[in-house]
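Keeping their order, the protein sequence lines are chains A and B. The first sequence runs 20 to 109 under this note's numbering. The second sequence runs 241 to 829 under this note's numbering.
A portion of the hints provided could be inaccurate.
To be clear about the criterion: a stretch of chain B counts as covered by chain A if any three or more of its residues have a C-beta under 8 angstroms from a C-beta of chain A, and this derived list gives those stretches [stated by the list, open to error]: (1) 274 to 282; (2) 474 to 487; (3) 602 to 609.
DEER-style ranges, computed between Cβ atoms [what the hints assert, rightly or not]: (4) B:S756 with A:D25: 27 to 37 angstroms; (5) B:V632 with A:E44: 44 to 54 angstroms; (6) A:E44 with B:Q655: 43 to 53 angstroms; (7) A:E70 with B:P733: 23 to 33 angstroms; (8) A:E44 with B:P280: 53 to 63 angstroms.
Because the hints were derived from the structure by calculation, they are not lab data. Beta carbons are placed, not taken as given, at the ideal position from N, Cα and C, and that holds for glycine.
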Amino acid sequence: MSRSLDAAAAREWLTARIADCLGTEPERIAPDASLIGLGIDSIHAIALCGELEDRFGVLLEPSLVWDHRTVDAIVAHLGTQLAAATAGTR
Amino acid sequence: MSSSSPEFEGLVGRLRRHASENPDRVAALFMRGESQEPTPVQLNYAELDRTARSTAAWLQRRTSPGDRVLLLHPQGLDLVTSFAACLYAGVAPVVVPVPGGHAHQAARTAGIAADCGAAVALTDSGTYLEVAAWLELPGTPPLECAVTDIDELAPPEEWTDPGIGPEQLAFLQYTSGSTSDPRGVVVTHANLEHNITLLCEIFGWTPEMRFCGWVPMFHDMGLIITVLVPLYLGTTTVLMTATSFLKRPYLWLELIDRYDVQVSCAPNFAYDLCVRRLTDEQVDSLDLSRWVCAVNGAEPIDAATLDRFTKRFAPSGFRNETFAPAYGMAETTLGVSGTAVGVAPVLRRVDSAALERNVLVPAAADGESVTLVGCGRVGSLDVRIVAPDTGVELPEGRIGEIWVRGDSVTGGYWQRPELTETLFRADITDGDRGFLRTGDLGALFDGELHITGRIKEMLIIRGRNLYPHDIEREARALDPRFEGRLTSVFAVPGQDDEIVVVQEVRGTALDEEELSGLAQLVRDELGRSLGVRVSNVVLVRPGQVRRTTSGKLQRSLMRELFMKDELTPLHEELGADVRRRYRTLAGVR
């Protein structure tokens, strides 16, 4: 399994999922906008965390959206986690 | 069994009996971990009894009967055994959220610790570091804290049965009240016994049924339905964490299938989450045909949710009559009314205009209507509908405040005699005396209790009770330009209940960009500290937030002005759903 992250694809997917949660269009989710400010609450945040885990095969803290507050920040964090997981496995 | 109160068995007597009659039966099974594949760990009735006696013996050396003990365990088997241990020792367990990352949560847990006056806390090795850090915080009261899961704290043989009587305190349930003013509901063993019996009667639960859930034990529904009822009945309960459910709703339904579960419960939003999140493949892989009771409670029940879930999971064998809409609260131990196994939920189309005049009238076929979900039949309690302003009892079909009297109604709020007197000992004008005022509005119709709203200003968001004054206080502290100004917080109906913050701003020379920045700050920071969405912020000039002459905020008036678009805001940031409902000229209400 490839463990490197296609950041553009991840950003697009994440933006679409967030737009779906909020019932809005992906164009309205700026990559540097605070997700909590956009209306993501703790229930959405933990659900999103589970979706990301399943899609990218990493384990994330339920506090993800509080620790990494924008789409860009989450994608960067995912990249780091995947790189660490690759380095840690054979 | 040698008990000094032989006529009253209670939960402790039941647990001792199950341990001797069915020692190997699984009492609780817990899915540990929050990965895709959590590990099942389990505890049988003999093990539960032994650990409970051991911890109880340790507690008995340090406490006197009636003392309170704080339980700082996350969801899991240690929490179940520590809860039982407290009951064995005759002390009252107080289940609280483990104070983790949020400062809000650390403060709330500290507030409860101080309010209940606990001197002792129990935790486990996996949680101890977090608890130790919390104990160091300046706002946390001093507590002697023991770890229950490394060695037995004391020899189980040292436990002595305190001979618990029905009127003794069983536990305190902190689900209502605010951070600054926590309220612990005082539940006696008699309350617990009466309500467990009532729940089994209204829903038709039997000892042959298995239970499952993820609602935390610091929540009344999680504690009673998914832990205390199954332990009382001597059956098996399957538990998972709320985080695990929220990450993967599939796991909840999969447990119901895998462990042949008949009874589970969740607030309304959870059923919607399942509809949204499960794939067709997952739906097809599930067999939900043996699930006979899906309690829906703890937040307003949406007829559309029941319909969506039933349709979505029909291929899994889920049936409409499995849904059991219910009504209750910690103040009545838990249950007041519910829908029996095998009985379909009652959906009633009522006339919109009549509803606004507080009357339930079935809607004409082509008339404007609202669909209400009946919350089932009232159990062995005396429920009346009363005009909240005059205290006069109202007839069937009229909407008023729900008042309750009977053996499940608890003793009130811990060390709040005046509040308890006002809310738990209300008298009907020229009528019967001694009722609990629930603060909820509803009507009895055709034998079913229907809930239509709340008169309390408390906000119930995602099953959590939030208090406007807490949010207002936090908002005001966010920026110097809010200092000394007024804030008003209320909820308006949307897809979910939506929080609206109206904030006065000092100084008038702010441009649009600065105002937008302030509104964003409020949305962002409140969403972060409260853990719920705050999509709607209205900034107004000083003097716009209305108060009575005695200085009391008029939140209902502010809410009405907001919904009718009669505020004159400097700036307004609204969520899409709220804007569509309340700000579109063509919008139909």
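>> When the structure is checked against the list of hints, which entries are broken? Sort them ascending.
In response: 3, 8
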